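Asker: Work out the full structure, taking the sequences as your base and the hints as a guide.
Heads up: the protein sequence lines correspond to chains A and F, in order. Per this note's numbering, residue 1 is the first one in the first sequence, and the count goes up by one each step. Per this note's numbering, residue 120 is the first one in the second sequence, and the count goes up by one each step.
Keep in mind the hints are simulated off the structure, nothing from the lab. Treat the hints with caution; some may be incorrect.
Computed footprint of chain F on chain A, listed as stretches where at least three residues anywhere in the stretch have a Cβ under 8 Å from a Cβ of chain F [said to hold, decoys possible]:
id : region
1  : 45-55
2  : 108-117
The calculated lysine to any residue pairs, modelled on SDA-like cross-linking and capped at a C-alpha distance of 20 Å, are [said to hold, decoys possible]:
id : chain 1 : residue 1 : chain 2 : residue 2
3  : F       : K163      : A       : I46
4  : F       : K128      : A       : G43
5  : F       : K163      : A       : Q2
6  : A       : K3        : F       : L164
7  : A       : K3        : F       : M160
8  : A       : K111      : F       : M160
9  : A       : K111      : A       : D86
10 : F       : K163      : A       : T24
11 : F       : K163      : A       : E44
12 : A       : K111      : F       : L164
13 : A       : K3        : F       : K176
14 : A       : K111      : F       : K163
15 : A       : K3        : F       : G159
16 : A       : K111      : F       : D157
17 : A       : K111      : F       : V207
18 : F       : K128      : A       : E44
19 : A       : K111      : F       : G159
20 : F       : K176      : A       : T108
The calculated label-pair distances, taken between Cβ atoms and stated as ranges, are [to be verified]:
id : chain 1 : residue 1 : chain 2 : residue 2 : range
21 : A       : N118      : F       : T189      : 42 to 52 Å
22 : F       : A171      : A       : F12       : 43 to 53 Å
23 : F       : K163      : A       : Q8        : 19 to 29 Å
24 : F       : R233      : A       : N118      : 27 to 37 Å
25 : A       : T5        : F       : P214      : 27 to 37 Å
26 : F       : K163      : A       : F47       : 10 to 20 Å
27 : F       : D157      : A       : F12       : 21 to 31 Å
28 : A       : Q83       : F       : T189      : 33 to 43 Å
29 : A       : D26       : F       : D175      : 19 to 29 Å
30 : F       : M138      : A       : Q14       : 44 to 54 Å
31 : F       : L199      : A       : Q14       : 47 to 57 Å
32 : F       : A171      : A       : P119      : 47 to 57 Å
33 : F       : T235      : A       : N118      : 31 to 41 Å
All figures in this text were calculated on a predicted structure; none of them were measured in a lab. We put the beta carbon where it would ideally sit given N, CA and C, even for glycine.
Okay, here's what each chain looks like letter by letter:
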Amino acid sequence: AQKITQTQPGMFVQEKEAVTLDCTYDTSDQSYGLFWYKQPSSGEMIFLIYQGSYDEQNATEGRYSLNFQKARKSANLVISASQLGDSAMYFCAMREGQGSGGSNYKLTFGKGTLLTVNP
Amino acid sequence: NAGVTQTPKFRILKIGQSMTLQCTQDMNHNYMYWYRQDPGMGLKLIYYSVGAGITDKGEVPNGYNVSRSTTEDFPLRLELAAPSQTSVYFCASSPPGRKRDSGANVLTFGAGSRLTVL
Numbered sequence: 001a002q003k004i005t006q007t008q009p010g011m012f013v014q015e016k017e018a019v020t021l022d023c024t025y026d027t028s029d030q031s032y033g034l035f036w037y038k039q040p041s042s043g044e045m046i047f048l049i050y051q052g053s054y055d056e057q058n059a060t061e062g063r064y065s066l067n068f069q070k071a072r073k074s075a076n077l078v079i080s081a082s083q084l085g086d087s088a089m090y091f092c093a094m095r096e097g098q099g100s101g102g103s104n105y106k107l108t109f110g111k112g113t114l115l116t117v118n119p
Numbered sequence: 120n121a122g123v124t125q126t127p128k129f130r131i132l133k134i135g136q137s138m139t140l141q142c143t144q145d146m147n148h149n150y151m152y153w154y155r156q157d158p159g160m161g162l163k164l165i166y167y168s169v170g171a172g173i174t175d176k177g178e179v180p181n182g183y184n185v186s187r188s189t190t191e192d193f194p195l196r197l198e199l200a201a202p203s204q205t206s207v208y209f210c211a212s213s214p215p216g217r218k219r220d221s222g223a224n225v226l227t228f229g230a231g232s233r234l235t236v237l
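Answerer: Here's what the structure looks like:
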């Protein structure tokens with residue numbers, strides 16, 4: 001079974017509107033972390049936002065927020081007020097375990113969602 | 120700070136050739152990783168290292184080797200290149216985190232190395 005599932009291969013959004021990118025995960029660990037990365041057409045991987053499994057509040061970073069629903073094992077990324085520069089591939093990733101050793105810092109990535117922002 | 124630096128950015132290899140992808144970081148991070156990204160796919164872990172002298176296999180290690188003689192450098196060696204190794208390779212590093220809170224262990228990625236094996 002896939003550990004990270006991103007069911008939307010592609011999404012379109014109008015400039016200035018909000019968009020939600022879906023991510024579901026599968027783990028039996030109690031302690032884990034969820035990450036979102038952005039990959040523009042230039043290819044680099046840019047960290048956007050992090051949510052720890054013990055965090056009670058949803059993470060927010062500027063226009064990015066993470067809608068964390070632990071019981072549903074979902075960690076959707078919400079981008080508010082979309083901009084043309086938001087057009088990119090977005091990857092959800094998970095780190096399992098306590099993080100007490102390097103092996104626990106490995107990230108497992110989903111296949112990504114290609115977001116296109118239309119003017 | 121330069122962050123994570125990978126070289127070369129592009130390389131074309133013939134089947135059976137060998138090469139080394141270089142990766143260096145100047146953030147004094149203990150942990151380093153090599154991922155590959157195939158078209159339309161997410162990243163898959165090849166090898167990782169928790170510190171100098173310590174390496175371990177990831178999800179897709181076959182056909183690759185690594186070494187970690189210093190904290191800064193983590194080269195990836197491709198032996199006997201095959202078309203299946205055509206991919207974009209990313210090196211990343213991260214600091215150690217705290218128990219129950221790994222917000223500090225965000226991976227910082229290099230710009231990637233695009234390898235084509237013909």
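Asker: Now tell me if each hint is right for this structure.
Answerer: Quick rundown of the hints versus the structure:
Residues of the region 45-55 of chain A lying with their CB closer than 8 Å to a CB of chain F number 5, which satisfies the three-residue condition for coverage. Counting residues of the region 108-117 of chain A whose CB falls under 8 Å from any CB of chain F gives 5; the rule of at least 3 is met. With a C-alpha separation of about 17 Å, the suggested pairing of F:K163 with A:I46 holds against the 20 Å cut-off. At most 20 Å may separate the alpha-carbon atoms for a hinted pair to count; F:K128 and A:G43 meet this at roughly 11 Å.
Among the hinted pairs, F:K163 with A:Q2 is consistent with the structure: their alpha-carbon atoms are about 13 Å apart, no more than 20 Å. Note on A:K3 and F:L164: the hinted pairing holds, with a Cα-Cα distance of about 14 Å set against a maximum of 20 Å. For the proposed pair A:K3 and F:M160, the alpha carbon gap of about 14 Å is at most 20 Å, so the pair holds. For the hint linking A:K111 to F:M160, the alpha-carbon distance of about 5 Å falls within 20 Å, and the restraint holds.
Our distance criterion of 20 Å between C-alpha atoms is met by A:K111 and A:D86, whose separation comes to about 18 Å. Taken as a hint, the F:K163 and A:T24 pair is honoured in the structure, with Cα atoms around 18 Å apart against an allowance of 20 Å. A distance of roughly 15 Å separates the Cα atoms of F:K163 and A:E44; the hinted pair therefore holds under the 20 Å criterion. A hinted pair counts as satisfied when its Cα atoms are at most 20 Å apart, and A:K111 with F:L164 qualifies at roughly 13 Å.
About 18 Å separates the Cα atoms of A:K3 and F:K176, which keeps this hinted pair within 20 Å; it holds. Between A:K111 and F:K163, the direct Cα distance comes to roughly 10 Å. Compliance with the 20 Å bound is thereby established for this hinted pair. Between A:K3 and F:G159 the CA atoms are separated by roughly 17 Å; this keeps the pair inside 20 Å, and the hint holds. Proximity of A:K111 to F:D157 is assessed by CA-CA distance (about 10 Å); at most 20 Å being required, the pair is judged to hold.
Proposed proximity of A:K111 and F:V207 is supported: the alpha carbons are some 14 Å apart, at most 20 Å. A C-alpha spacing of about 12 Å is found between F:K128 and A:E44, which places the hinted pair at or below 20 Å, so the restraint holds. The suggested pairing of A:K111 with F:G159 holds, with an alpha-carbon distance near 7 Å, which does not exceed 20 Å. A C-alpha spacing of about 14 Å is found between F:K176 and A:T108, which places the hinted pair at or below 20 Å, so the restraint holds.
For A:N118 and F:T189, the Cβ-Cβ distance of about 47 Å falls inside the hinted range of 42 to 52 Å, so the restraint holds. Look at F:A171 against A:F12: about 47 Å separates their beta carbons, and that is inside 43 to 53 Å. For the pair F:K163 and A:Q8, the beta carbons lie near 20 Å from each other, so the given range of 19 to 29 Å is met. Look at F:R233 against A:N118: about 29 Å separates their beta carbons, and that is inside 27 to 37 Å.
Here the CB-CB span from A:T5 to F:P214 is close to 29 Å, well matched to the stated 27 to 37 Å. Between F:K163 and A:F47 the CB atoms are about 18 Å apart, so this pair conforms to the stated range of 10 to 20 Å. For the pair F:D157 and A:F12, the supplied restraint of 21 to 31 Å holds, since their beta-carbon distance comes to about 25 Å. Between A:Q83 and F:T189, the C-beta spacing of about 41 Å keeps the proposed range 33 to 43 Å intact.
For the hinted restraint 19 to 29 Å between A:D26 and F:D175, the CB-CB distance of approximately 23 Å keeps it satisfied. Between F:M138 and A:Q14 the beta carbons are some 45 Å apart, a value that agrees with the proposed interval 44 to 54 Å. The supplied range of 47 to 57 Å is met by F:L199 and A:Q14, whose beta-carbon atoms lie about 50 Å from each other. A beta carbon spacing of about 50 Å between F:A171 and A:P119 agrees with the range 47 to 57 Å that was offered as a hint.
Against the hinted window of 31 to 41 Å, the Cβ-Cβ separation of F:T235 and A:N118 comes to about 33 Å, which satisfies the hint.
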